[in-house]
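Going down the list, the sequences are from chains A and B. In terms of this note's numbering, the first sequence opens at residue 1 and continues consecutively. In terms of this note's numbering, the second sequence opens at residue 524 and continues consecutively.
Wrong hints could be hidden among the right ones.
Unchecked claim - Which stretches of chain B does chain A cover? Using the computed rule of at least three CB atoms under 8 angstroms from a CB of chain A, they are: (1) 569 to 578; (2) 590 to 597; (3) 913 to 919.
These are computed hints drawn from the structure, not numbers from a lab. Quick reminder that beta carbons are idealized off the backbone N, C-alpha and C, glycines included.
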Amino acid sequence: MNDFEFVRNAAGRMVPTHVNGKAQTPFQGVGRFEPSESKQAPPIRSCRDYPADGDKQVPDLKTALERCGLRDGMTISSHHHLRNGDRVALKALEAARDLGVKDLMWFPSASFPCHEPVIDLMESGVVHHIEGSMNGPLGRYTSEGKMKGLGVLRSHGGRWQAIQDGDVHIDIAVIAAPTADSFGNANGSHGPSACGSLGFALADSIHADHVIVVTDNLVPFPCLPWQIQGNNVDFVVEVDSIGDPSKIVSGTTQITKSPDRLLIAEYVARFVRDAGIMKEGFSFQAGAGGIALAFAQYLKEMMVEAGTKARFVRGGSTQYLVEMLEEGLTDFILDGQTFDLAAVESIATNPTHVPTSPFTSYNYHGKGNFASMVDAVVLGATEVDVNFNGNVNTHSDGALLHGIGGWQNCLFSGCTILAVPAVRDRIPVLVDEVTTLTGPGELVDVVVTERGIAINPRREDLLDAVKDSSLPIRSLEEIKAEVEEIIGGKPQNPNLTDRPVAVIKWVDGTVLDTVWQLGDQDG
Amino acid sequence: MAGQSLVGEAGRRGSGVRSDCWVGLEKTDSGGVQLNLTSKVGDLFGDSIRKVVLDTVKAFGCENLVLHVEDQGALPWVIQARVEAALRRSGLEPQNDPRPPARPAPRPDGTSQDRLRRSRLYLPGNEPKFAVNAGLHLPDGVILDLEDSVHPAEKDAARYMVRNALRCVDFGPAERMVRINQDELGLEDLDVVVPENPEMILIPKVETSGQIEQVQARIDAIQKDQGLEFPIWLMPILESAQGVENALDIALASPKVAALTIGLEDYTADLGVVKTPEGSETLWARSRLVNAARAAGVQAIDSVYGDVADEAGLLAWCQRSRAMGFQGMGCIHPRQIRIIHEGFAPSEKELEKALRIVSAFEDAEAKGLGVVSLGTKMIDRPVVLRAQKLVDQARDAGLLGEPAEEGEVTP
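Bound-form chain A, shown alone (with noise of 0.2 angstroms):
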């Protein structure tokens, strides 16, 4: 395990040449890796041995996994749509556990602090590693050299492509589902644990060799709309709840009360209208933070004010984004993730509020997809270099402690804005060269924090459009050294060590950065 071979990528940065057995390829470049295989495709199976009446219900998921044929080192799979309220991940792996199983690798689409006592399993030898977004604990855990494999994160669309290349293979899938029937049909928008789509186990479902449905809303044949097809399902199992809805959604969501993200926020929308790309029939993704919240009203407002009307919204939804749809000011909400009950009851009602996958949106190995076609993103970020290089997995202490979520996939709109604030509680966003890079800095147009908006210079075209606006457009350099003198100079260098823990996969599955166990913590 201590014995890593590294190469430098085209980024820059030293990354190992196998990462848990397998041989990688380095990042090359943005765009420049090029692939040449075929898709990876599920054993061919046939109806003569499912039932004919489609009744695939077994009594309990240890039933399921046995029948599936579960052994040791196999990887069983999970989605996020259940958030931090998920009963279902955790019980398939300690049904597994109570199977005997070891050495599972847990291929979640995301992990949430419900997800801690993984933790146990990986003690116990019945989990050997993870690769999935490694929030809170668990990116703690891995942080410190204790997980066994190397944690693998990637994008949604980066999980779609590892998926449907082959890069991982699917042994078993367990899907959660607000509503189901016992054909395996299922959809995330119904039911009492409704949330929404369920777009993120889509590829599981499809590639899988073999897929268990868990559902606490078992409905008679068909369960509609059918998001999974039962098709691809080989059992479909009932249990009492499959998640604590009050933590699936929020009740309501609340926009930021802190002044100085809602200036950021105001900028970001003032700098959307200004550089003209509030325009009619244009289009626009921010997720659920506070500041992306915030910038959703500002510009909202900005929109009644100039009689402007969008052709789609990309969610993750919320109320607001549901009130500009019902308000006419945009014609879509095209939505990967549904984060609060008022946007849980439009995706379920609403024909213009449309479910997408990581397929149809972030895909990079795709004919195309929705990311690029979106013409601007609204986006965080803990660091951001003065070469626009981001990073959003690891904090300047090195600590890993969150995913990629679908960062990486909406670099690639046509104006991609990280909204930042410049300094949090002494540490500084902006540095000189980001801990962990998570995106290029080419794929990043626009830094706006609280101490003004920097451009990309390779975006002379924004630059220009902006140039006799009142924005406070100034360099990311000018920004960063202001920073720097109220914060009592530069940090000092996260201390850590030349052991990997993780590494970060670039959309195309090309390995773009490792992360490093932590050394000795000061103070």
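Given the coordinates of chain A, assemble chain B onto it according to the supplied hints.
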């Protein structure tokens, strides 16, 4: 963690604290200076934190001491203020100047008596986290408050915090104001803040001109002693019936008085009436203040609007306030600034008319005519002056773009 023998402590601790720190001291007879540091930014700033702490200890000439510092991302000037407060609370006095290095003053010559004072943003003096970004919201002034927002037990600590904020924080174009305490405590506040050249002092609960004379005398004495000539303006706050009755005397008590303002919470309490969003119960007092201020040639500034969520109510209040003759008001949240600037701005119609009057006046001057006329109307001198003032203020407020060339008044 600190032991039983703490002799002094300052600051705040716990997970809810941000951008601040806690300092506890133990005195010892031997062992030198020991520092036990825990910091959530220790990996990135551990060395810097240790230097600030030890430099301050050195200025106090301590040789044996155990310091416990729990840091939640405090900036260097904040750490210095907390360490200094803890040392002073232990009964120690500095032997050398302990203050942190001053950043270049943004405005070395001070501000003018009649500058734009539409908005002034209150910043609690003992809460450092709001200070650093206050100037980014572009208020006309910031008030570092030592009075009502500071707990009586923290008055000393707040003083060093405000002093350091004046030295180290860039408030941008905002005028830097300090609200001192009442009476003797307020005079002691002046000893600490006046050497840092604040541009204005707010004096609370003023009832007589004597209070202003006392403050002015103290400022003069400190400035004379330290060879300072920085212009420090005064803004008395009237917060009682008696204060309002004495408004004119108070405004005339010192040539440094630049504005009068009113504190409506205390004033309505003094009257025994309920404060309403419309403010009819304080109409007379506010009108009285405007008239006295005008008579004394100083600005009239309104109180604050307490409901941050009610933006429409604030805007309506500002518009009524401006119509009464006020030139600005206080803000308790940065999001109120933009609304206040909007509420105190002249309407486009007003501004357009003023520009036409000024233009007509300048035409008449150029032609050597004694009488100014606009269309068929003759314009009186006071009308021209009022128009000129409105145009000047609009230009200061950025409503007309850059100052025009001499003789040219079109926007």
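Discussion item. Can you confirm whether chain A covers the stretch 569 to 578 of chain B, using C-beta to C-beta distances below 8 angstroms and requiring at least three such residues?
Written reply: holds (count 5)
Discussion item. Count the residues of the stretch 913 to 919 of chain B whose Cβ falls closer than 8 angstroms to any Cβ of chain A, and tell me whether that reaches three.
Written reply: Violated, because only 0 residues of the stretch 913 to 919 of chain B bring their Cβ atoms closer than 8 angstroms to Cβ atoms of chain A.
Practice prompt. Quick one: see if chain A covers the stretch 590 to 597 of chain B, three-plus residues with Cβ-Cβ under 8 angstroms.
Written response: holds (count 4)
Going through the hint list in order, the structure does not satisfy hint 3, though it satisfies all others.
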